[in-house]
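Chemist: If you read the protein sequences in the order shown, they are chains V and B.
Going by the working numbering, the first sequence opens with residue 1, and the numbers climb by one from there.
Going by the working numbering, the second sequence opens with residue 1001, and the numbers climb by one from there.
If you are wondering where the hints come from, they were derived from the structure by calculation, not from laboratory data.
Be careful, since some hints might not be right.
What follows is a list of derived Cβ distance ranges for each label pair [unchecked claim]:
#1 A9(V) to K1176(B): 40 to 46 Å
#2 F1197(B) to M66(V): 48 to 54 Å
#3 P84(V) to A1012(B): 51 to 57 Å
#4 A162(V) to P1048(B): 54 to 60 Å
#5 M66(V) to S1201(B): 49 to 55 Å
#6 G128(V) to N1153(B): 46 to 52 Å
#7 M1340(B) to D24(V): 42 to 48 Å
#8 S232(V) to R1341(B): 39 to 45 Å
Within a straight-line C-alpha distance of at most 25 Å, the following computed SDA-like cross-link-like pairs (lysine to any residue) qualify [unchecked claim]:
#9 K1233(B) to S79(V)
#10 K311(V) to V166(V)
#11 K100(V) to D1238(B)
#12 K1126(B) to M66(V)
#13 K126(V) to R1335(B)
#14 K126(V) to Q1337(B)
#15 K103(V) to E1250(B)
In silico contact screen, one side only, chain B against chain V (beta carbon under 7 Å); selected entries [to be verified]:
#16 D1238
#17 L1239
#18 E1241
#19 A1242
#20 K1244
#21 I1245
#22 D1246
#23 A1248
#24 P1260
In this text, a Cβ means the ideal position worked out from N, Cα and C, and glycines have one as well.
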Amino acid sequence: MVNLQKRYANGFEAVPGLDLQINDGEFLVLVGPSGCGKSTVLRMVAGLEDISGGDLLIDDVRVNAMGPQQRDIAMVFQSYALYPNMTVGENIAFAMKLRKTDKAEIKAKVAEVAELLELTPVLDRKPGQLSGGQRQRVAMGRAIVRQPKLFLMDEPLSNLDAKLRVQTRAEISKLQRRLGVTTVYVTHDQVEAMTMGDRVAVLRRGELMQVATPEMLYSDPANLFVAQFIGSPSMNVVRGSVASADPSGITLDIAGQTLRLTGDAAGRLSGLAARVGEDIAVGIRPEALEGDGDASIDVLVDLVEMLGSGKLAHCTIEAPSVRSTDTGVEISERNESTVIASLDPRHTVRAGERVSFTLDTHRLHAFDVTTGAAIGRS
Amino acid sequence: MVEILKSLSVVAVGIIGFIAVLGGLYWLASQLPEPWRERARVAVFVGPALILLVGGLIIPSIVNLRLSFYTGNGLSPTKWYGLGNFRDIFTNDDNLMVLRNTVWWVLVVTAASVVIGIIIARFADKMRGEPIAKALIFLPTAISMVGAGVIWNFMYATKGNDPDKQFGLITYFWMKLDPILPGHQGPNYWLQDKRFFGIDSNWLPGVNTFFIMAVIVWIQAGFATVVISAALKGVPDDLVEAAKIDGATERQAFFKVVLPYVKGTIITVATTILIAVMKIFDIIQTMGKGGSFGTSTIANEMYEQSFTQDNKGRGAAWAVLLFLAVIPIVFINSRNQRAMREGR
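Please take these sequences and the hints and turn them into a complete structure.
Modeler: Here is the structure:
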């Protein structure tokens, strides 16, 4: 996609200009909050939506003007869009029938796909008689039977219940690896994005915020939006300031407490040295609190939630929270914010206690308070 | 004025009386001991409807069936004729023509109305001004058959030999075609023309029958368009998009995905029109002069035999035939309704 644009007749700019390269065989996830334009991008790739500007290239061929029929792509819809009047077998065979594929070949291919997706017993049923999970697999089968250049998936798991979703998520990942077909997958669910994608592209209001591997997105978010969108519970971000910087390290001031970064921790955020005296947004992942740490921070525990595999402590800290919004960065007016710490289930902390949590300064993040851009190495 | 008030007061007294009787019966039923109370209440409410159904439909049907085995004049013919009336229907040339006409009516009008309905619904969909266009197309459905007959009598009217003096629109255009088309397009009394553009066949109705059919198509296509259009709007966009991604052209997507999706609605529309066409009567009366010039149909013949020819037995036999012919359609329709309810 080169400067891909989508403008509607009423002047609304859904996608102002998107540059994105998808590699052969890659599983790329487009993720973002609802209304971020991810489905529009997918529909433009599919040919279901006109492209207002820029170029869309598939295998170096510009396909802007081609209809969906000519692009050799397959798509799995959120609603599955199975043809209700056809049996499962006919649904899967439909594309090949339209291409006048040899009957024996169609039969063999359908049988093969049905076997792969465990649909053999229901081949003669109509979609109306299937369970949600089976319908989802038929939609997958319809896509993979043709061995297209590109798979497009538009929130294919959102109509499944939570348990089935986790199971199907893994199945789709395995299937994609096995078939090796380039895949673009749209979801609003960051867990799906992180677990499935080789790379994840985070979109906001039609703009690409960051595209990177899931590990990179988590550990090295390019801006506040990505930092808070990826991860659950999301990253704690509060306003702090750079108190001082010298060759041996950087000192931060958060909620009246000082944090001293030295060595690698200071090197990672050396961009802060130029901002002495300025306000910054400091990000701390819930997982970076109360583990192996080289510093500490005092908080008041309000609530402890037991999750089984861990505990979540909701704590108060005397610093305004910083939040990424649709229009930019918003700093709370209250000089107090909630910070969540992800703890070991055996941790004995209780609500109402004032405690000091250890903090790993190597896992701190810093952002500009006006633009939200990450501050890293200078 | 006094007359109107009188009629209104009679109606009012009737309604109040009916309510009073029902209320009284209901009150009486409520006084009964338990096992009988509920049953009596049901009887009070279902009773009147049942009486109307039995008295207005079932008994007349049985009387009609009996009548179809008799012959003779007068209100109640007494001469036993067995299946004679039916034999006459299936052997007499005039009667066979009536059957032939009805078959043509059913095939042509139903098919044409449904096909035109589908075509208009398809191409009007998402067009600018669609609601107005559909309202105009639907308008004829609201016109009474007699009214439509009168209007179209004017359309087909012929007056003299001068094309410019014609007030019948069809005749006017027909005569204007004379210099363009081969052959002679002279003035024609369409509704009296028993032949089909010069072809005289026992199997083919005259041009007059087809011209009368056109009026019903004009009426029924509006109904078909509106209902089918509503069904088309219910087809999820996803389905068409999926078909396109699967490689279907617009046309293939329409025929292989969209039409099958609305199949149930099309069957309902077709059977509804079919039944209406089988009972076609008023338009034959107004445009075919009561079935003259070879335009008669079963329902028209039923009336003509019973009341104009005073042959109640034959009229009853036509009615029995009509009833038998409708049964399979009702059956198809109810099966289709069930299939639609159970989901595709």
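Chemist: Run every hint past the structure and note whether it holds.
Modeler: Hint check results:
As the Cβ distance of A9(V) to K1176(B) is approximately 44 Å, the hint placing it in 40 to 46 Å holds. Remark: the range hint 48 to 54 Å for F1197(B) to M66(V) is upheld by a beta-carbon distance near 49 Å. Between P84(V) and A1012(B) the beta carbons are some 53 Å apart, a value that agrees with the proposed interval 51 to 57 Å. Remark: the range hint 54 to 60 Å for A162(V) to P1048(B) is upheld by a beta-carbon distance near 55 Å.
In this structure, M66(V) and S1201(B) meet the distance hint of 49 to 55 Å, their C-beta atoms being roughly 54 Å apart. In this structure the supplied range 46 to 52 Å holds for G128(V) paired with N1153(B), their Cβ-Cβ distance being about 50 Å. In this structure the hint that M1340(B) and D24(V) lie 42 to 48 Å apart at CB holds, the actual value being about 47 Å. The supplied range of 39 to 45 Å is met by S232(V) and R1341(B), whose beta-carbon atoms lie about 44 Å from each other.
Straight-line distance between C-alpha atoms of K1233(B) and S79(V) comes to about 17 Å, which keeps the hinted pair within the 25 Å bound. Our distance criterion of 25 Å between C-alpha atoms is met by K311(V) and V166(V), whose separation comes to about 22 Å. Taking the CA atoms of K100(V) and D1238(B), the gap is near 23 Å; set against the 25 Å cutoff, the hint holds. The hinted pair formed by K1126(B) and M66(V) meets the criterion: a straight-line CA distance of about 23 Å does not exceed 25 Å.
Between K126(V) and R1335(B) the alpha-carbon distance is near 19 Å, which keeps this suggested pair within the 25 Å criterion. The suggested pairing of K126(V) with Q1337(B) holds, with an alpha-carbon distance near 18 Å, which does not exceed 25 Å. Note on K103(V) and E1250(B): the hinted pairing holds, with a Cα-Cα distance of about 24 Å set against a maximum of 25 Å. Restraint check, D1238(B) versus chain V: the minimum CB separation of about 4 Å is within 7 Å; hint holds.
Because the smallest distance between the Cβ of L1239(B) and any Cβ of chain V comes to about 5 Å, under 7 Å, the interface hint for this residue holds. For E1241(B), the interface hint holds, the least distance from its beta-carbon to any beta-carbon of chain V being 5 Å, beneath 7 Å. Hint status for A1242(B) relative to chain V: holds, with the closest Cβ pair at about 4 Å, below 7 Å. Checking K1244(B) against chain V: minimum C-beta separation of about 5 Å stays under 7 Å; hint holds.
For I1245(B), the interface hint holds, since its Cβ comes within 7 Å of a Cβ in chain V; the closest pair sits about 5 Å apart. Residue-level restraint check for D1246(B) holds (minimum Cβ-Cβ distance to chain V is 4 Å; threshold 7 Å). A distance limit of 7 Å between C-beta atoms decides the matter here; for A1248(B) the minimum to chain V is near 6 Å, and the interface restraint holds. Checking P1260(B) against chain V: minimum C-beta separation of about 4 Å stays under 7 Å; hint holds.
Every hint from the earlier list agrees with this structure, and none is contradicted.
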